[in-house]
Amino acid sequence: MNQAAPTPKDNQGDPVVRIDGRLKVTGQASYPADIATANVAYGVLATSTIARGKVSKLNIEDAKAVTGVLDIVTYGDMDNIGKPKFGNTSASSIAPLHDRTIFHDGQIVALVVAETFEAAEEAAMLIHADYEDEQPSAGFESKGTKTEAAAGKNPMLKEDPKAGDFDAAWANAAVKIDEKYSTPTQHHNPIELFSTTAIWQGDQLTIHEPSQNVTGWKVELARQLKLDPANVRIISPYIGGAFGSKGPMTARTAIVAVAARRIGRPVRCVVSRMQAFGTQTYRAETRHRIRMGAGKDGRITAFGHEGWEVTSRPDPYVVGGTSATARMYDYGSVLTHVSIVHADRNTPGYMRSPPETPYVYALENAMDEMAAALGMDPVEFRRINEPAKEVIGGKPFSSRSLIKCYDEAADAFGWSKRDAKVGSMREGDWLIGMGCATAIYPTAVAPCAARVRLTSDGDVRVQCGSHEIGTGVRTIAGQMAAELLGIAMEKVSVEMGDSALPPAPVSGGSISTASVCSAVMQACETVRQKLFAGAVGKDGPLSGSGNAKLDMADGKVGAETGKSAKLADVFKAMQVGAIEEYAEFAPKGSSPEALKKLYAGQPEFHGGEGDEDSVKYAFGAEFVEVRINSYTREVRVPRIVGAFAAGRIMNTRTARSQLMGGMIWGIGQALHEATEIDQRHARYVNRDLQDYIVPVNADIKQVDVILVPEVDREVNPAGVKGLGELGNVGTAAAVASAVYHATGKRIRDLPIRIENLLA
Amino acid sequence: MRPFTYERPKNVPAALALASKFAAKDDPPTEADAQFIAGGTNLADYMKLGVARPERLLDLNGLSEASLRQIKITDKSIRFGALVRMGEAADREEIRSGCPVIAQSLQLAASGQLRNMASLGGNVLQRTRCEYFRETSWPCNKRKPGSGCSAMNGFNRQHAVLGTSDACIATYHGDFAQALIALDATVEIEGRRGRRTLAFAKLHQLPGKTPNIETNLAADEIITAIEVPLGPWSSRSRYLKIRDRESYAFALASAAVALDMDGDTVREARIALGGVATVPWRAGAAEDVLKGKVLDEATANRAAEAAFADARPLAFNGFKIELGKSTLTRALLETRDMKS
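Keeping their order, the protein sequence lines are chains X and U.
Take 1 as the starting number for the first sequence in UniProt numbering and just add one per residue.
Take 1 as the starting number for the second sequence in UniProt numbering and just add one per residue.
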């Protein structure tokens, strides 16, 4: 499939091509491990082969004897370094080289540094540990786990949302379903491997590492290494697959920095794909129980959502997606509860729409089940339960175009041609099924700083310490400046991914477009005002047009009278060669310390369900067709249609790409993706791209994205709702409902594999 | 990766001389100090993982014998030189139309890049992808005889249900080999002790108590050619591969089927099963069921039952029995319906 970028509709920006697209596809973009570094030494990790116990002795003599080995950093060598702290900037509190305790499979036991990668790798394989090992708990099914209520343990879930009298409503419901759902462990497998390159110049440290949070990492790494943050710089200009995996810093970064300081040379450590399973974060497995009661008229009177999530022994990681599921429909009553289950596993972390992907999967599967129980069309069932306000806090939605999304997607998909009877649609030996589900993602925004420079030649430079993680934010930030300054895109350059730039929040939570564009807008507005003043001033080329409305277009300042002046002439009159403006954007509701916190790498998030005036979400509707062979039961997805409304769309090309990628990932989550765990040993077993199954090109056929026009002036000055994480929410439920429609089999545990569908 | 010596012999005798000089005669080829490499798509991977640990690699890509790189097709047979690449064989029009099961078994394997690298001789010798074999920290009887089998009571979704032993349940994942064993192919082998021809069915060994010994080859022997006899069944043949995704995945179950039909009646059926057994697997019992019978869904089902009569399921791979049967039934019916 190869389609032109969508033509912009109302409140949608032009499909400007990616500012760095050519660099990326021609291999000229340098990713952090590609940066040429003089005199670099190579680091390779050695990791544990048990999941619980203690390292009684680490045998490193054979490794030391390998020709070219320079150093081995291990127990004792990090004692003067601060331990990582669990939170948004650090993945885990587990400090692997501070402590001989093993908390999980694949925990770092040493870093070998050598003259060549090959020598370091050979030596790392020769390191072996003697363990005092204990029986580990792998997850939900294991003995020895510890379960606790999640609410209040982590800012992600302050309290369990509830509304009305669930027990009474549940007892009295005419139609009920009470079902369990589950989602598996999933590991980030970005094509760009995880890496750290540490370079010291005196007490100044530069880190090249793919990062979604250069400012946060700078501050956290400085704390660990006991340095002034001003002496730490994190550089990450291009990132080859992030999706949350490069959001929190892991223990490795400080270990590599220490190694570089010890040997007095730069050290580069590229983590193997297999070792990334244990040393990076992942999406934890979840379980859900949903109780839904409805009247015969289809109105949901009771909604109960219980969730369980696996985490590590020490860290209370939780995603708590009940925040969204409890506000999705017009429930008569709501009861939710989230628990975390501590096991002998590494600490989970963010993966694209961390709360919504698993929780909305369970909700939307239940919605399809309830529609079937009511004998109601699933789209109609959602229409009946469309709320005027969200039921937890009684706040209005800043905007909500879900039904419009359903209507447009259903129309494009041809939903009316679906025969509702289960198992009724067939072509030859292939059973056909069609299903749908809702996508939702909270709209948040954070403080952000940016610097914009305009020269008399009309060159624009935008600087912002955000991160181009593939979303297109570098393009969009440039597009925003180009539009406001009336300059062609070719004259615009954008610098990102460097903690030396004005700080931006972590690129997570789909906040970047709104936050960055709002800051860029603010800086551009000041540039404009200065130019306008110069243009209409006493010596200005538009002198005397002081009362006219001014604008910038085609490299000129123009007045509504039709008079215009070339930029060069305005600059000449102002007797400057360039105007450079730095702006700090703080969203409505920000605290007085908001900017200080941004600089400290701890930005405030606003929006979602946290604002006083309204709740803020983007919505979408996805429709899927599956085909299932009647003999061998493999599932194929010939087409998927999604319609999404997300306020102002900055660029229809990059927006479409994000949503399309999300839906494709959703198909993978439905049918392919799962980390397999050896339950006896709590070890990951499918640690490569052969056995960790994600869709390949041949699995993805027609993918249609519809951008539904929507205007929302409340969310942020740019009017933008982030949509980077919206696309893969709901997809797996849509696939599951299509599988049910084709076969009559209700698969509640992901992924849906052949073995679930055999007779 | 461990350091190793690399040599590039100029012809087959030179390669054999090096092999017999550096490889102990009685070592299985996979454990010998000197090992042959061609495409390297399997061996290089396992060397990086520390599973294969040769001291010396003998690169066969420099061998001068032209026949090693040729495909010879006559009315009676197809002869593949062992260094022919998978991609080249898969793309040959005469093979695609004259003996589709071979072309399909190659086409559906690996990825385009791998097929352009991998040699046919190496392909049939590919080693298992068992997760516990690939990761050296696990006990594994195949990798370290006597250490135990971690898969037996571990995560064994991809493991075999046929031809297993108490020592090993690792699946033979190859596709091409299923076409070869179904079609009674032979392999030509050269060694220091001379040249021999072996039925392809005799090349691989069941794991039994010695899963580390995978083939009947000695460490100083090279496969030089593979020959496939052609007959009335060749053009009515098909390879059906069922897997978790549409490309770049090993079979959960596959079937190589070739039928010689007299109207609706089966004169002779040739069947092999992939993804379900420890070695390339000829389903003789299923062939016997079909012989002389009208091929309809009921007879196909009976043949499939016979093929899996001895299957032994474990915790996670039990579905392969049912899937294997469905795969064979579907393959038989689809092959029946081919235009011969």
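For the record, the hints were derived by calculation from the structure and aren't laboratory data.
Using N, Cα and C, we set each Cβ at its ideal position, and we do this for glycine too.
Any given hint might turn out to be false.
Where chain U lies over chain X, by a calculated footprint (3+ residues, C-beta under 8 Å) [to be verified]:
1) 668-680
2) 697-703
Stretches of chain X that chain U covers, calculated by requiring three or more beta carbons in the stretch to come under 8 Å of a beta carbon on chain U [unchecked claim]:
3) 352-358
4) 627-635
5) 744-757
Each hint tested on the structure:
1. 668-680: Per the Cβ count (7), the hint holds.
2. 697-703: Holds, because 3 residues of the stretch 697-703 of chain X bring their Cβ atoms closer than 8 Å to Cβ atoms of chain U.
3. 352-358: violated (count 0)
4. 627-635: holds (count 5)
5. 744-757: Since three or more residues must qualify, the claim that chain U covers the stretch 744-757 of chain X holds, with 3 doing so at under 8 Å.
Of the hints listed earlier, the one the structure fails to meet is number 3.
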